[in-house]
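If you count the sequence shown from 1, position 76 lands on 87 in the numbering used here, and the numbers rise without skipping.
In case anyone wonders, no lab produced these hints; they're calculated from the structure.
One thing to keep in mind: the hints can contain errors.
[To be verified] Here are the simulated distance ranges between beta carbons:
#: 1; residue 1: Asp162; residue 2: Glu32; range: 18 to 28 Å
#: 2; residue 1: Glu120; residue 2: Gly63; range: 15 to 25 Å
#: 3; residue 1: Gln109; residue 2: Arg153; range: 13 to 23 Å
[What the hints assert, rightly or not] When the alpha-carbon atoms are kept at most 25 Å apart in a straight line, the in silico PhoX-like pairs for lysine-lysine are as follows:
#: 4; residue 1: Lys181; residue 2: Lys15
#: 5; residue 1: Lys15; residue 2: Lys39
#: 6; residue 1: Lys62; residue 2: Lys121
#: 7; residue 1: Lys39; residue 2: Lys50
#: 8; residue 1: Lys15; residue 2: Lys121
#: 9; residue 1: Lys85; residue 2: Lys39
#: 10; residue 1: Lys60; residue 2: Lys50
#: 11; residue 1: Lys50; residue 2: Lys152
#: 12; residue 1: Lys152; residue 2: Lys60
#: 13; residue 1: Lys62; residue 2: Lys50
#: 14; residue 1: Lys50; residue 2: Lys15
#: 15; residue 1: Lys181; residue 2: Lys85
#: 16; residue 1: Lys121; residue 2: Lys181
#: 17; residue 1: Lys121; residue 2: Lys85
The beta carbon of each residue, even a glycine, is placed where N, CA and C say it ideally should be.
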Amino acid sequence: MTIKRYRYIAFEGPMACGKRELAQHVAKSLNAELVQDLKENPFLESFYKNKGGAAFQAQLFFLLNRYQILQELKQPSLFHQTIISDFMLDKDRIYAYQNLSDSELMLYEKLFSLLRADVVEPDLVIYLQMSPDRLYDVMRKRHSGLFTVSDEYVENVVEGYNRFFFHFNKRPLIIVNANEVRFDRDRTALLDLLNFIDRDHRGVTYFTPQTN
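Make the full structure from the sequences, and use the hints.
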C-alpha cells in the first residue's frame, strides 16, 4: 500500500498509548522510513528517585536528542520517501511542564524555542487519544510490580496532550479513539486506519477504528 498525499506522518500520544507499535506497523505496511523516539535516558533513574536537578537533566537530554533525530529528516536521500515518526518535538514541552520547576522552565523554554524553529513540520499528525483511566490501567498492567507513576501524573499528562492538540492548527490532525484498540494485534483496525489516512484531510478529523 502507498499513501502519496503525505510524505511525513507523525504519530503522537502519551506514554504507553501504543503509538510506537502503531508507527512500526504503518511504516512496514507503507514501506516507509521509520523515525523513532528515544527509549533510553541516563538521567531517568535519578529522576525517578527524585534526586535534585535530575528532572532538568533528563528533560534536556530528551530535548536535545529528539532534536538531533529530527534533523536527520533534512537529508536529501529522504526527500522522495514516505516518513513515519512516532513523536513530535512538541511532546517534550508537554512533559517539561509536568516535571520542571518554574525557574527550570524559564531556561527550558528559551532552548526549546530555538530548536523548535529549526524542525521539519509533518504533513499529517495522528493523535492517539486515551482516557486517563484507560491509560493508567494499560501502564499498570505493562509494568506490573515496577509501576510507580501516580494516577494524578497520568491525568496531568493526558490533560497536557489534550490541551496541546485542542489548540493545534499547524497541520491536518486526525484524533484517534485509542481506548479500545490494539493496532499491533488487530489487522482489521490497522487497515481501517490506513484507508482513513489515505484521504484529503483538512483541519481536525476524528476516527474510531473498526475492531475484530
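Right, here's what the structure says about each hint:
As the Cβ distance of Asp162 to Glu32 is approximately 24 Å, the hint placing it in 18 to 28 Å holds. Checking the proposed 15 to 25 Å range against Glu120 and Gly63 shows it holds: the Cβ atoms sit about 21 Å from each other. About 19 Å separates the C-beta atoms of Gln109 and Arg153, a value consistent with the hinted range of 13 to 23 Å. About 20 Å separates the Cα atoms of Lys181 and Lys15, which keeps this hinted pair within 25 Å; it holds.
Taken as a hint, the Lys15 and Lys39 pair is honoured in the structure, with Cα atoms around 15 Å apart against an allowance of 25 Å. The hinted pair formed by Lys62 and Lys121 meets the criterion: a straight-line CA distance of about 24 Å does not exceed 25 Å. Between Lys39 and Lys50 the alpha-carbon distance is near 20 Å, which keeps this suggested pair within the 25 Å criterion. Straight-line distance between C-alpha atoms of Lys15 and Lys121 comes to about 36 Å, which puts the hinted pair past the 25 Å bound.
Distance restraint check for Lys85 and Lys39: the Cα-Cα separation of roughly 21 Å lies within the 25 Å cut-off, and the hinted pair is therefore satisfied. For the suggested pair Lys60 and Lys50, the alpha carbons sit about 18 Å apart, so the restraint of at most 25 Å is met. This hinted pair checks out: Lys50 and Lys152 have alpha carbons roughly 19 Å apart, not beyond 25 Å. Taking the CA atoms of Lys152 and Lys60, the gap is near 22 Å; set against the 25 Å cutoff, the hint holds.
Restraint check for Lys62 and Lys50: the C-alpha separation of about 21 Å stays at or below 25 Å, so the hint holds. This hinted pair does not check out: Lys50 and Lys15 have alpha carbons roughly 30 Å apart, beyond 25 Å. For a cut-off of 25 Å, the pair hint linking Lys181 to Lys85 stands: about 19 Å separates their Cα positions. The hinted pair formed by Lys121 and Lys181 meets the criterion: a straight-line CA distance of about 21 Å does not exceed 25 Å.
For the proposed pair Lys121 and Lys85, the alpha carbon gap of about 23 Å is at most 25 Å, so the pair holds.
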